[in-house]
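Those protein sequence lines, which keep their order, are chains D and R. So the first sequence is numbered by this note's numbering: it starts at 128 and just counts up by one. So the second sequence is numbered by this note's numbering: it starts at 2 and just counts up by one.
If you're looking for bench data, these hints aren't it; they were derived computationally from the structure. Watch out, some of these pointers could steer you wrong.
Derived coverage of chain D by chain R (criterion: at least 3 residues anywhere in the stretch with Cβ under 8 Å from a Cβ of chain R; other residues may be distant) [what the hints assert, rightly or not]:
{"id": "1", "stretch": "137-144"}
{"id": "2", "stretch": "165-173"}
Below 30 Å or equal to it, Euclidean Cα-Cα: the simulated DSBU-like pairs (lysine-lysine) are [stated by the list, open to error]:
{"id": "3", "chain 1": "R", "residue 1": "LYS38", "chain 2": "R", "residue 2": "LYS85"}
{"id": "4", "chain 1": "D", "residue 1": "LYS280", "chain 2": "R", "residue 2": "LYS174"}
{"id": "5", "chain 1": "R", "residue 1": "LYS234", "chain 2": "D", "residue 2": "LYS284"}
{"id": "6", "chain 1": "R", "residue 1": "LYS81", "chain 2": "D", "residue 2": "LYS285"}
{"id": "7", "chain 1": "R", "residue 1": "LYS82", "chain 2": "R", "residue 2": "LYS234"}
{"id": "8", "chain 1": "D", "residue 1": "LYS284", "chain 2": "D", "residue 2": "LYS270"}
{"id": "9", "chain 1": "R", "residue 1": "LYS174", "chain 2": "R", "residue 2": "LYS51"}
{"id": "10", "chain 1": "R", "residue 1": "LYS277", "chain 2": "R", "residue 2": "LYS174"}
From a predicted model like this one, the values you see are computed outputs, not experimental measurements. The beta carbon of each residue, even a glycine, is placed where N, CA and C say it ideally should be.
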Amino acid sequence: MPGLLVSTTVNGDAIEFVCPQDETLLDSLRDRVGLTGVKEGCGTGDCGACSITLDGRLVCSCLVLGAEANGREIETVEGLADGDKLHPLQDKFIEYAALQCGICTPGFLIAAKALLDRNPNPTVEEIRYGLAGNLCRCTGYDKIVRAVQAAAKQMRKK
Amino acid sequence: MRFESPKTTREAVALLAKEKGSAYVLAGGTDLLVRMKTGLIEPDLVVDIKRISAMQSIKTTASGTRIGAAVSGAELGENKKLKKAWPGVVEATNLIGSDQIQGRCTMVGNLCNASPAADSVPALMAARAKAVVVGKNKRRTVAVEKIITGPGETSLAKGEIIEAIILPRRSTKSGDAFLRFIPRTEMDIAVVSAGISLTLARGVIKSARVALGAVAATPLLVPAAARAIIGTKLDDVALEKLAAACSAACKPIDDKRGTIEYRTKVVGVLACRAAKIAYQRAGDA
């Protein structure tokens with residue numbers, strides 16, 4: 128079966144890639160577009176390490192086919208910072224040491240951004256529910272929740 | 002594997018009917034891609050239905066609300082009108098997985114995956130929902146409880162596809178609710194679940210539907226449980242009868258999530274709690 132040509136927008140840039148028809152968007156982004164910020168944890172939609180937004184919706188890229196991305200808009204962790212200026216979530220994750228090994232971090236950042244876009248002032252409970260689809264196996268969640276609260280506070284000031 | 006993303010239901014049906022190998026419909030992909038990844042299935046054809054306009058919208062008409070098969074859980078949850086009209090159905094669908102899963106998962110996918118523990122299905126059964134089934138030469142409307150025939154098995158023929166779910170219009174004095182029991186608060190599969198829809202007349206339950214999940218090979222519609230509360234104001238005696246009817250109807254398995262004894266007991270407790278919420282909603286409506 129021949130590969131498919133997929134034309135899509137990634138972090139605002141028009142991108143084309145050719146992928147096998149059964150390839151996941153996670154693999155397409157990592158291996159064809161070169162965006163290795165998208166991580167594979169479980170590969171079955173449980174851990175959220177591969178979180179991206181697809182047409183503005185938070186999804187697990189391991190549960191999307193590369194072929195489905197044709198004509199859609201994708202945002203990954205690589206698009207969060209504005210040049211050298213980190214996104215407030217990235218700043219606060221560093222400040223609060225909300226990461227250890229870092230594998231889950233891009234997914235947490237993308238999921239937290241999706242949460243704050245929808246709800247700029249979430250309660251701790253809302254943050255914990257909002258990030259329930261992201262697993263971290265080293266820091267625990269407390270620092271992550273604090274970092275998201277701090278980033279939300281900073282973002283509300285703008 | 003061949004990937005197709007047709008623009009019409011007719012085209013999708015033709016593709017599925019023509020395929021000689023194994024053909025699968027891709028809605029949200031939250032079950033299908035997991036089965037592909039774990040090697041349970043090796044599709045020859047995958048038909049993405051998300052670019053079919055008849056499957057993308059939520060429309061309310063005089064006879065009810067039509068929800069397209071490609072509408073995601075997140076979209077359902079954002080639809081205020083639907084949330085007000087059928088809170089139990091929306092809550093049940095929104096319980097499926099994380100925010101990431103909600104961005105993709107669909108009610109029809111949940112139905113066609115045919116898990117005994119499917120979250121949205123008991124709520125749909127209680128709501129008297131119907132599925133619009135489209136085949137090569139005909140279109141039929143089928144009660145949701147006729148779709149699942151066993152774990153992972155449906156009554157759909159080769160080439161048939163569900164285009165939409167229809168929720169009927171109902172009296173304003175109606176309410177529905179869905180509750181799921183899991184040992185944690187998020188990201189788990191139901192140990193038991195219960196969906197109830199009811200309509201009141203002067204505080205008395207005029208009609209009701211009770212459906213249970215994860216307590217048999219398929220989600221169960223339990224008419225005896227509905228009869229236990231019809232004609233009552235949901236007093237303690239009615240609730241006791243409701244719990245007993247639910248426990249009597251279930252045929253659960255023993256597994257790591259719960260024992261037969263536990264599920265049989267808890268399903269009655271959940272049904273009573275769901276009934277109280279539905280009753281209150283119907284009164285407030």
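Results for each hint:
1. 137-144: violated (count 0)
2. 165-173: holds (count 4)
3. LYS38(R) / LYS85(R): violated, 38 Å
4. LYS280(D) / LYS174(R): violated, 42 Å
5. LYS234(R) / LYS284(D): violated, 51 Å
6. LYS81(R) / LYS285(D): Given that 30 Å is the threshold and the Cα spacing comes to 29 Å, the pair holds.
7. LYS82(R) / LYS234(R): holds, 27 Å
8. LYS284(D) / LYS270(D): holds, 21 Å
9. LYS174(R) / LYS51(R): violated, 35 Å
10. LYS277(R) / LYS174(R): Roughly 14 Å between the alpha carbons, so the hint for LYS277(R) and LYS174(R) holds.
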